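Top line first, the protein sequences correspond to chains X and A.
Position 97 (the first sequence) corresponds to 97 in my numbering; numbering is contiguous.
Position 107 (the second sequence) corresponds to 222 in my numbering; numbering is contiguous.
Hint data in this document are derived by calculation from the structure and do not stem from the laboratory.
Bear in mind the structure is a predicted one, so any value in this text is a computation, not a measurement.
Incorrect hints may appear among the rest.
[To be verified] Below, in silico cross-link-like pairs of lysine to aspartate or glutamate (DMTMM-like), each with a Cα-Cα straight-line distance of 20 Å or less:
#, chain 1, residue 1, chain 2, residue 2
1, X, 5, A, 159
2, X, 42, A, 218
3, X, 58, A, 218
4, X, 42, A, 159
5, X, 68, X, 84
6, X, 71, X, 26
7, X, 57, A, 218
8, X, 42, A, 139
[Unchecked claim] Chain A is nowhere near these chain X residues, computed Cβ spacing over 10 Å in every case:
#, residue
9, 7
10, 13
11, 15
12, 16
13, 17
14, 18
15, 43
16, 58
17, 61
18, 71
19, 79
20, 81
21, 84
22, 110
23, 114
For glycine and all other residues, C-beta sits at the position ideal for the given N, C-alpha and C.
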Amino acid sequence: QQQVKQSPQSLIVQKGGISIINCAYENTAFDYFPWYQQFPGKGPALLIAIRPDVSEKKEGRFTISFNKSAKQFSLHIMDSQPGDSATYFCAASGMRGGATNKLIFGTGTLLAVQP
Amino acid sequence: GAGVSQSPSNKVTEKGKDVELRCDPISGHTALYWYRQSLGQGLEFLIYFQGNSAPDKSGLPSDRFSAERTGGSVSTLTIQRTQQEDSAVYLCASSREGNSYNEQFFGPGTRLTVL
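One chain only, chain A, in its complex shape:
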């Protein structure tokens, strides 16, 4: 079956522009996570969605970052007024549910470069 897909695979933008990154989780997975992978910070948690519960936004680095998940499926991570330090690979993961230790399946990521 299809795994987690993300688009675009690469995104180059200018400082100050807004970007939207998309994640399509595995069908039937109710939990969805966003992580960021950068050279300086490693892999870090950003935000988590579980069904209709309020998302866990504790990892978002600033108010320029936001995410939504429509209809319990597709998720969009938005970065407003991008900065050079936002350059990283943004990874999405999904699991069957978030309230137990189910395997998180990762997508291939979106490589964001802010010039």
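If we strip away everything but chain X, and leave its shape as in the complex, we get:
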């Protein structure tokens, strides 16, 4: 069963704090790990993505940390802002052996940043 497990289900952070969301996967064929941000009534939008050849990727306030041996990856949001309040999904896909780039999503984390 291809699954991606995500935690926590919900998260409350004070403005300026660090938000951390964790994901774990089982399928070692996965080799692409994106994070999506979704606001109510909108479709998910790509936030940042990582391949397993690096252990960390940073874009502005958003950082992905990747631990290949533990099969875990996490999203860190530095200096969290009220505008970051949204649902965050981790995902994974693997294209080896001709597989398609279909995304397997985690269950989502509802982040609320309090002013």
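With chain X held as given, fit chain A onto it using these hints.
Chain A in isolation, oriented as in the chain X frame:
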């Protein structure tokens, strides 16, 4: 430029009726995906189209679900004999091509309610 558009934005139907959901991908994108977002199942892959290749239908939950993509552009997802468990938000995404890790751009979704 225009993003992925979907219609209708909301659809209410009676159990047993057939419904058609439409997706207009970003111009020039050859890969098109359908996903379903529901409270119980999260975000799950349904079907994938890439150019003239045979679609990947591995995520379709039953034979009541089908999809087609005409002329390599617009796609229609059809659900026959709808059931209450089909109630969900149906999301369409497109990317420049499906055989590499290109960003998938999501539409706003169609919220389907089966009474």
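Is the claim that residue 17 of chain X lies outside the interface with chain A correct, judged by CB distances over 10 Å? 26 Å, holds
Sort out whether residue 218 of chain A lies within 20 Å of residue 42 of chain X, counting only the CA atoms. 17 Å, holds
Beyond 10 Å from chain A, beta-carbon-wise, is residue 7 of chain X? 13 Å, holds
The output says residue 79 of chain X does not contact chain A. Does that hold with a beta carbon cutoff of 10 Å? 25 Å, holds
With the threshold set at 20 Å, check whether the alpha-carbon distance from residue 71 of chain X to residue 26 of chain X stays at or below it. 7 Å, holds
Sort out whether residue 218 of chain A lies within 20 Å of residue 57 of chain X, counting only the CA atoms. Judged against 20 Å, a Cα distance of about 16 Å means the pair holds.
The output says residue 110 of chain X does not contact chain A. Does that hold with a beta carbon cutoff of 10 Å? 12 Å, holds
10 Å Cβ clearance of residue 16 of chain X from chain A: 29 Å, holds
Does the claim that residue 43 of chain X lies off the interface hold, with its Cβ farther than 10 Å from every Cβ of chain A? 3 Å, violated
Closest CB of chain A to the CB of residue 71 of chain X still more than 10 Å away: At about 19 Å from chain A, residue 71 of chain X clears the 10 Å cut-off, so the statement holds.
Is residue 18 of chain X truly not at the interface, in the sense that its beta carbon sits beyond 10 Å from all beta carbons of chain A? 25 Å, holds
No chain A beta carbon within 10 Å of residue 61 of chain X's: Residue 61 of chain X clear of chain A: closest Cβ-Cβ about 19 Å, beyond 10 Å.
In summary, the structure is inconsistent with hints 5, 15 from the numbered list given earlier, while agreeing with the others.
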